[in-house]
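> Here is what each chain is made of, one letter per residue.
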Amino acid sequence: MRKTLAWIMGAGSFLGLASSTLANGWNMPAGVTDVSREIYSLHMTIFWICVVIGIVVFGVMFYSLFRYRRSRGAKSANFHENTSVEVVWTAVPLLILVGMALPATATLKRMYDASEADLDVMVTGQQWRWHYEYLGENVSFTSSLSTPRSQINGEEEKGENYLLDVDQPLVLPVGRKVRFLMTSDDVIHSWWVPDLAVKQDSIPGFVNENWVRIEEPGIYRGQCAELCGKDHAFMPVVVRALEGDEFDSWLAERRKEAEAEASGVDREWSMDELMERGEQVYGAICATCHQPDGSGAEPTFPALAGNEALLNDRDRHIDVVLNGVSGTPMAAFRSNLNPVELAAVITYERNAWGNESGDVVQPSEIQALLEQ
Amino acid sequence: MWEVIKSVLAAFFGVQKERQRQHDFQHGKPGAFIAVGIVMAAVLVMLVAAVAIMAAR
Amino acid sequence: MASNLPPKPTLEHSTTTSGGLAHEHHERPRGMLRWLLTTNHKEIGTLYLIFSLTMFFIGGIFALVVRAELFQPGLQLVQPEFFNQMTTMHGLIMVFGAVMPAFVGLANWMVPLQVGAPDMALPRLNNFSFWLLPVAFTLLLSTLLMPGGGPNFGWTFYAPLSTTYAPPSTTFFILSLHMAGISSILGAINIIATILNLRAPGMRLMDMPLFVWTWLITAFLLIAVMPILAGVITMMLMDINFGTSFFNAAGGGDPVLFQHLFWFFGHPEVYIMILPAFGIVSAIIPTFARKPLFGYASMVYATASIAILSFLVWAHHMFVVGLPLVAELFFMFTTMLIAVPTGVKVFNWIATLFQGSITFETAMLFALAFVVLFSIGGFSGLMLAIAPADFQYHDTYFVVAHFHYVLVPGAIFAIMAGVYYWLPKWTGHYPDERLGRWHFWMSVIGVNLTFFPMHFSGLAGMPRRIPDYALQFADFNMVSSVGALMFGVSQLLFVWGVIKCVRGGEKAPAKAWEGAEDLEWSVPSPAPLHTFDTPPDFKPVTH
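Protein chains in written order, with full-length UniProt numbering: chain A, 1 to 372; chain B, 1 to 57; chain C, 1 to 543.
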């Protein structure tokens with residue numbers, strides 16, 4: 001008797017918990033696009049269908065467990081077939097599923113229509129950051145985690161957007177159709193922002209499409225969803241949605257900065273300038289694998305500090321940074337970084353942490369190599 | 001032949017009368033049921049594929 | 001509560017067939033050698049079950065390391081590199097080392113007894129397939145101590161993370177998986193040969209107990225898909241060591257091809273881990289409801305359709321890799337279709353309970369919890385089938401909740417139910433009901449505390465396989481970790497209960513459960529080493 005009650009209460013508490021998913025922070029966000037709201041309503045529809053089926057099925061089950069207990073003197077019947085009942089309970093789920101498949105198909109078709117976009121953004125996954133390029137606008141940048149290591153290691157109190165903050169968010173316009181072209185430089189990543197209902201794998205050698213039309217300005221946060229190595233938990237996605245005109249002036253500003261940077265290729269850079277710039281680039285790009293102090297993580301990621309092979313062969317060092325090392329995690333950076341950044345980071349690596357080669361690599365030299 | 005197809009269809013749906021099953025087991029040839037079963041499985045796949053192709057238009 | 005249980009059948013009112021009288025053929029080796037050289041299906045079954053239990057605890061400890069790190073946000077106990085090795089090893093050990101060998105162990109013990117065969121059809125092969133496993137898993141576990149660590153790319157080992165970017169130990173991982181795969185294929189061949197050739201005279205296929213039926217179908221699935229796994233890991237081996245580029249885009253290869261191959265193996269694999277569970281539950285529920293299984297034939301049909309459809313749904317694991325629209329629709333429709341036969345099974349079990357005469361022995365408790373909790377896993381599976389919604393669910397804790405519901409209170413509860421159900425046959429003693437109930441309730445509460453909150457953290461946006469997470473997921477994770485510890489500790493009660501039952505307890509007669517009908521209950525308890533030396537007299541029960 002007590003057992004049956006416990007059973008019933010157990011089932012009740014499941015359903016209670018299930019329905020409280022409606023509360024905020026327990027459920028899928030409805031999001032800020034048409035598509036995300038359609039997905040949310042599909043999710044809630046199938047959820048309630050499951051709840052109703054669950055109540056009926058478990059209801060009959062617990063009734064039977066209660067009513068036909070041997071301790072209550074139940075004598076067992078001997079039936080073991082009933083064709084019409086079996087036909088009904090096979091056909092009804094089939095019909096429910098057909099009913100569910102129709103709206104799901106319609107939504108899926110909308111999600112797959114990435115045509116007539118107002119803006120194309122190339123999203124490239126890299127271990128462990130995102131690179132964004134506004135196609136045809138000459139604007140591109142890398143976006144990496146900005147939560148300090150001290151918060152992760154518990155030496156400092158964790159901030160409000162712990163693990164969900166980046167140095168440079170992806171900026172997008174509200175009300176325009178933005179097409180994403182997703183790819184990857186190394187392993188498979190997956191770009192996901194729940195409020196936009198966009199989750200798409202970024203795969204090396206492939207370009208995947210997805211799109212979004214954001215309706216409200218704001219900041220939307222997400223994360224890499226596909227296991228991509230040790231810092232998989234530490235490559236968040238942050239999207240800042242601006243009104244159309246604000247976005248246009250932001251983009252114009254960035255374009256101007258990019259032009260200024262490009263003009264720096266031709267001039268002669270001093271050692272100090274290169275070292276300063278190189279430290280920034282190294283911290284944002286290289287330090288996750290080769291460590292901030294250049295000590296690496298053997299056997300996969302070689303140490304750079306005190307690395308004889310690196311110090312003795314300047315040309316090979318440049319080649320490795322530009323073209324990567326095939327068969328290892330070392331990626332080619334020739335198209336991800338501009339000549340100034342490449343020259344600076346190579347100079348930095350040859351002169352930091354007790355590496356005293358004294359070598360200076362000028363952006364013009366890299367530019368010449370890239371044009372070969 | 002029609003009997004075999006009907007029985008295979010019933011098996012796909014998962015419901016069959018005990019009497020009919022006994023009849024099939026005593027009088028039917030297993031080879032026929034297996035052959036029809038394979039063909040029908042292929043038909044089912046093509047059917048779902050056709051629906052998917054039509055829905056994707 | 002104990003007073004509600006029926007009196008156990010007395011020793012007198014069960015007779016044993018002549019087949020139960022064992023006679024020793026020859027002098028047997030003793031000590032370790034006896035276990036190393038045994039070709040007896042019962043001894044090999046026991047070896048499989050002990051191996052599986054050991055792996056269950058090793059995989060469980062890995063899971064507890066994961067849950068301990070996730071108890072709070074921030075990195076406290078382990079570094080991400082080691083965390084990834086723990087999630088990966090947990091998955092590999094539980095799938096290939098715990099669940100699959102447990103079912104093979106149960107099949108070894110019970111299939112010959114249920115079909116009235118004297119042993120497995122290929123006893124020496126049986127010995128070989130078992131002893132491959134300890135070698136394979138020792139090798140796999142040893143990779144944790146190698147430079148660069150063990151596998152760290154998830155149990156699904158997607159390329160190129162598992163090839164170009166993998167630690168050097170990956171080659172050993174491939175070798176160990178090859179060995180485990182060979183073991184599975186040989187085991188499957190043995191089971192098929194036994195079922196098709198050694199059934200008692202007069203037992204037709206449609207007279208077989210459902211555990212035998214589900215295992216027959218599972219064995220065909222194993223033979224169909226394990227070679228695909230072998231193929232895909234061999235391609236990885238070539239990519240890593242011999243300079244090929246099957247999965248390396250830079251060399252003209254295709255990382256998505258890996259996923260197609262893996263899931264063409266992986267989805268039937270999911271059913272390999274659940275179909276025998278259906279068979280066990282289909283034996284236990286009729287026994288303790290004292291009523292024949294409802295819809296025996298439709299159970300067989302449903303098992304077969306699930307098996308066939310399991311080859312047509314693999315890409316539902318890949319809804320966000322950028323499949324063409326037609327493929328998304330096809331796999332969404334087939335995935336929805338597979339829910340129907342699964343539903344039919346649940347309805348059949350409930351119809352079996354209806355108007356029965358039900359008692360709640362530990363085996364029955366686990367079987368009933370299986371029906372409820374597996375169904376919850378089925379519901380979340382139905383939600384995941386909706387491709388547009390899967391763009392939000394994919395690779396989140398919602399998926400983790402889903403597959404743990406079908407595997408832990410699904411497959412593992414069914415295995416435990418089977419153990420409690422057949423222990424009297426194996427040991428000659430009834431398991432301690434009081435201890436069993438403690439184990440049951442601790443497990444049920446632990447499992448739900450662990451996995452139910454994962455639905456919420458997943459929907460709220462927490463990705464899988466991360467060692468650290470944003471602050472809004474903290475409460476859910478804390479509850480999950482507490483539940484995991486509770487579930488883990490409660491398994492010690494299981495071990496205690498089993499040991500206690502082996503060493504003594506209330507004596508069980510041949511037919512240990514009043515409502516049990518199958519052939520295994522016609523031999524004495526404990527079953528002698530050799531049974532059915534002469535085929536039993538089989539009379540079909542009407543199904």
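Mixed in with the good hints there might be a few duds.
What the hints assert, rightly or not - Stretch by stretch, here's where chain A covers chain C in the computed footprint (C-beta under 8 Å, at least three residues):
#, region
1, 48-54
2, 340-347
3, 467-476
4, 492-501
To be clear, the hints were calculated from the coordinates, so they are not data collected in a lab.
In this text, a Cβ means the ideal position worked out from N, Cα and C, and glycines have one as well.
> Which numbered conditions among the earlier hints are violated in the structure presented, ordered from lowest to highest?
1 and 4
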